[in-house]
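Chains as they are written, first to last, in this note's numbering: chain A, 656 to 955; chain B, 119 to 448; chain C, 30 to 351.
Simulated from the structure, these hints should not be mistaken for lab results.
Note that the structure is a prediction, hence the values are computed from the model and not measured.
It is possible that some hints are incorrect.
Unchecked claim - Quick look at which bits of chain A chain B covers, simulated, 3 or more residues with Cβ under 8 Å:
hint, segment
1, 713 to 727
2, 911 to 919
3, 923 to 932
As the list claims (entries may be wrong) - Simulated crosslink set (DSS-like; lysine-lysine; CA at most 25 Å straight-line):
hint, chain 1, residue 1, chain 2, residue 2
4, A, Lys689, B, Lys248
5, C, Lys144, C, Lys174
6, C, Lys159, C, Lys144
7, C, Lys134, C, Lys144
8, B, Lys248, C, Lys89
9, A, Lys690, B, Lys248
10, C, Lys324, C, Lys344
Glycine is no exception: its CB is placed at the ideal position from the N, C-alpha and C atoms.
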Amino acid sequence: MSQTVLEEHASSPAAPGARPVRGNDFLYYGLRNKKLLFGLGLELLLILLAIIGPLISPHNTTDFYKLASPPSAQNWLGTDSFGHDIFAQLVVGLRESYLVGALSAICAAIAGMVLGFIAGWRGGVLDEALQFLTNVVVMIPALVLLVVIGSYLNTRSVMFEGVFIGLTTWPWVARAVRAQTFSLRSREFVDLAKLSGKRATSIVVKEIAPNMASYLFLAIILLFGSSMLLASSYDFLGLGPSNTVSLGIMMQQATLNSALFYHMWWWVFPPGMVLTAMVAALLVANVGLDEVFNPKLRER
Amino acid sequence: MHRFLIRKLITYMMAFVVGVTIDWGIPHLMPGDPVQTYLSQFRLQPAGYAALYSTMSQAFGTNMSALAQYLHYWKGMLTWDLGVSYTSFPTEVSTMIGQALPYTLALLVPAIVLSYILGNRLGAAAARRKLLDNSVLPLGYVFQAMPYAWVALILPYLFGVVWHVFPVSGGYDHSLLPSWNWTFIWSLITHWFLPFLSVFLISLGGWAIGMRNLVIYELENDASRYLRALGARERVIRRYAYRNASLPQLSGLALALGVVVGGNIVTEVAFQYPGLGHLLYQAIAGKDYFLLQGIFIFIIIGVLVANFIIDLVFITVDPRTRLSMQGAQA
Amino acid sequence: MSVTVANLSVAYRSHRGDVTAVDGVSFSLADGEIMGLAGESGCGKSTLGNALVCMDTRMKATAGKVMLDGKELPIEDGRAMRPLRMTEVSVVPQYAMNALTPTRKIRRLVTDLLKSHGVRDRDRVLTEMKRRIALIGLTGDVLGKYSFELSGGMRQRITILMSTLLNPSLLIADEVTSALDVSTQRAVGEMLLEFRDRGYVRSVIAITHDLSILAQIADSIAIMYAGRLVEKAPTPSIVNDALHPYTQALIASLPEVGVRHDQATLTGIPGRPPSLLRPPAGCRFRDRCPFAFDKCAENPPLQEVRPGHHVACWKAAQEASE
Chain A
656 MSQTVLEEHA SSPAAPGARP VRGNDFLYYG LRNKKLLFGL GLELLLILLA
706 IIGPLISPHN TTDFYKLASP PSAQNWLGTD SFGHDIFAQL VVGLRESYLV
756 GALSAICAAI AGMVLGFIAG WRGGVLDEAL QFLTNVVVMI PALVLLVVIG
806 SYLNTRSVMF EGVFIGLTTW PWVARAVRAQ TFSLRSREFV DLAKLSGKRA
856 TSIVVKEIAP NMASYLFLAI ILLFGSSMLL ASSYDFLGLG PSNTVSLGIM
906 MQQATLNSAL FYHMWWWVFP PGMVLTAMVA ALLVANVGLD EVFNPKLRER
Chain B
119 MHRFLIRKLI TYMMAFVVGV TIDWGIPHLM PGDPVQTYLS QFRLQPAGYA
169 ALYSTMSQAF GTNMSALAQY LHYWKGMLTW DLGVSYTSFP TEVSTMIGQA
219 LPYTLALLVP AIVLSYILGN RLGAAAARRK LLDNSVLPLG YVFQAMPYAW
269 VALILPYLFG VVWHVFPVSG GYDHSLLPSW NWTFIWSLIT HWFLPFLSVF
319 LISLGGWAIG MRNLVIYELE NDASRYLRAL GARERVIRRY AYRNASLPQL
369 SGLALALGVV VGGNIVTEVA FQYPGLGHLL YQAIAGKDYF LLQGIFIFII
419 IGVLVANFII DLVFITVDPR TRLSMQGAQA
Chain C
30 MSVTVANLSV AYRSHRGDVT AVDGVSFSLA DGEIMGLAGE SGCGKSTLGN
80 ALVCMDTRMK ATAGKVMLDG KELPIEDGRA MRPLRMTEVS VVPQYAMNAL
130 TPTRKIRRLV TDLLKSHGVR DRDRVLTEMK RRIALIGLTG DVLGKYSFEL
180 SGGMRQRITI LMSTLLNPSL LIADEVTSAL DVSTQRAVGE MLLEFRDRGY
230 VRSVIAITHD LSILAQIADS IAIMYAGRLV EKAPTPSIVN DALHPYTQAL
280 IASLPEVGVR HDQATLTGIP GRPPSLLRPP AGCRFRDRCP FAFDKCAENP
330 PLQEVRPGHH VACWKAAQEA SE
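Make a model of the complete structure from these sequences and hints.
This is the structure:
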């Protein structure tokens with residue numbers, strides 16, 4: 656669903672060519688925007704947890720304790736059916752989820768930006784080709800494709816997951832970048848740069864990119880969130896990395912081991928709740944950021 | 119309008135071709151022989167292995183050249199001969215898909231349609247009432263951010279385990295024999311409700327937020343300002359804004375299908391609901407490649423058809439596309 | 030008097046404080062008078078126009094009142110203003126090209142507006158609209174079209190038609206000719222005149238930065254600078270005998286047809302208008318005025334120095350009393 660919001664941003668007329676908010680303005684509005692502060696704050700908290708969590712957790716994911724026990728002083732979030740500490744799994748899973756999300760966001764961003772710039776800048780046949788390509792890729796459900804490819808492979812790694820998710824979500828970035836490049840390339844300051852003899856790549860990097868930086872940033876944030884969700888679904892279906900824990904894997908284990916039947920709410924609730932928080936914080940921060948960049952959306 | 123449709127059709131054709139090619143190509147491009155991978159699950163005597171290997175290779179066509187296999191696959195596709203499932207030998211793949219399909223449709227269609235309609239109304243209402251907006255907005259984001267797997271865990275936990283209102287898994291009560299009596303139908307419905315609710319809730323959030331943003335934008339654009347300046351009632355202005363906002367929302371629907379289909383798979387697996395998603399899962403677990411391929415291409419076709427339907431609706435609703443002589447953006 | 034604006038001040042709320050875009054403006058319009066309201070960008074003319082019809086959520090009237098035919102216009106009260114819009118006070122906005130919603134046919138748009146105003150006999154009004162459409166040289170089937178099927182000029186004219194359909198007492202025409210080519214400009218100008226002559230509108234305030242179009246259609250011209258009204262007089266007086274230094278400079282900076290660049294250079298007015306966030310005391314044109322003297326530190330009031338000719342300038346006041 657966050658992809659729908661992303662698509663709306665890509666086609667929203669309010670965003671393209673929004674005046675890049677400079678230094679002081681940005682800080683002023685940024686620090687006063689509740690959504691941005693809340694979202695960013697929560698996200699940073701979770702990232703912090705992901706970083707220091709495994710360090711402060713008194714147990715490892717592989718240590719054995721009393722099976723299926725509820726939260727206690729010893730095991731802060733209780734243990735699962737195998738006796739593993741859930742808090743330990745949670746913080747490691749946080750890390751893995753962020754890793755996959757970041758990896759796929761980087762992949763999608765690079766692929767999307769390169770293709771989007773080329774299409775938007777050159778136009779013509781290249782643009783048409785890219786449009787068809789993105790339309791086709793977008794139509795194929797990402798999870799289904801991932802599942803089909805992943806099931807044939809024998810390797811299960813975070814790297815593969817990240818890169819492949821990135822390869823299925825790059826169209827969103829490409830579309831946004833293409834639309835922005837298109838609208839910006841016919842602007843006056845670009846003509847000016849052309850007149851003064853700058854080379855195409857230089858124009859793209861120095862003139863166009865900064866103007867769409869805010870817009871790109873928003874798109875990538877959304878991509879990050881939807882990648883994490885996609886990765887958790889992928890892991891849930893049993894195709895995730897086999898050597899580590901992730902939030903999706905935790906949910907899978909809970910389901911497979913009848914956590915519901917045994918009323919193990921400490922296993923059922925936390926992984927998904929944390930993932931929801933991660934993605935929701937991103938979405939909210941994204942909206943706040945959009946309001947900061949776009950004066951029209953403020954003061955509602 | 120015609121150019122618009124033709125462009126769309128070409129895109130669909132291409133997507134179909136790409137889908138079929140991926141479908142065929144993946145097992146053959148993967149390291150290792152698909153037949154070998156399948157057989158490695160079993161402990162077989164060398165003689166038995168050799169026999170099975172040759173039979174399956176013939177059946178699977180891996181002893182033909184790549185191009186021959188590809189063409190053969192296309193032939194099967196067009197005659198709807200998707201082969202035979204290994205895990206449920208000798209049931210045909212198309213039969214298994216046919217059995218699972220009604221469950222998936224029963225889940226997807228109401229969930230998508232209801233969440234779309236209700237979400238739009240909710241979002242539009244939130245766009246004009248600040249109080250509603252303050253509650254709808256955060257809820258919408260939370261719902262949108264919930265992983266399908268998690269919702270599929272907490273809903274049955276709350277409604278199945280804590281409060282014994284709904285059953286927790288399965289398509290129907292397995293102590294019943296399928297027949298058209300009220301007990302069975304009721305069992306179907308109660309087993310259907312929680313999976314439906316999962317998909318519905320997550321989608322609802324997304325639509326509500328999307329519509330809210332679009333309506334806010336529309337309420338402040340030039341056309342709305344003009345209506346307001348000419349003294350139109352706020353009700354009228356809202357109606358116009360809603361109508362204009364519905365168009366990009368509709369395009370969004372086509373794009374969101376992919377995500378919902380994926381989420382549906384997860385939901386079915388979590389609830390052990392006997393739809394296509396569950397079948398897919400079984401195919402993966404059992405390395406049943408024919409079944410896997412069959413389901414994959416079926417899903418692709420389904421999504422393409424749904425996209426096409428949405429395009430047709432779009433044409434009827436958007437006068438610009440309908441009347442455009444230059445061919446709108448595809 | 031048809032319209033009287035008394036000491037009107039309108040401000041915008043911003044996070045840095047209130048920006049007074051219109052500062053103590055007073056003028057009156059006679060029945061049937063077309064008054065041009067001119068000035069450079071940011072002088073407050075559009076704000077003034079919009080305030081009279083439909084105030085933005087960011088705007089607030091901080092002082093003054095507006096009277097229409099002896100009754101006060103509740104410009105701050107959106108609810109009270111709603112039934113008066115289009116029927117008594119109407120506007121052709123600056124964004125007229127995009128003012129018509131793209132998803133409904135023109136006829137539907139009109140009927141919905143008529144319904145909002147409780148007009149029962151809508152067919153009669155539509156027939157009248159078709160008559161007026163023919164009058165301005167368009168074909169009647171335009172009603173069955175969508176706005177995006179029309180050209181920019183056509184849309185502009187349809188918008189003017191729609192805004193004047195219920196024969197308002199006051200029409201605010203905001204930059205109606207700015208986005209058009211010269212021949213369409215003339216056509217639109219003549220359209221306004223014709224509508225006034227036929228009684229489709231009573232009084233018109235034509236807001237523009239283009240003095241030349243005002244010279245053609247306006248009976249009187251009011252010049253605004255930095256939120257204040259600096260001069261108002263009948264058109265011939267402004268064109269030939271402007272008294273305020275700013276107006277004089279404006280007229281002088283207009284290029285003359287037939288004069289080549291080697292015969293004379295285009296003059297502008299050096300400098301920029303003051304910020305309206307913290308406006309300077311005294312006459313706001315002081316820093317750019319070639320005639321400024323010490324009295325200008327005190328704000329000059331708008332005075333009628335000749336019959337029908339109002340100026341806010343100490344120099345002009347001095348010369349008039351001599």
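Quiz item: Any hints this thing doesn't respect? Which numbers, in order?
Solution: Those not satisfied come down to hint 1.
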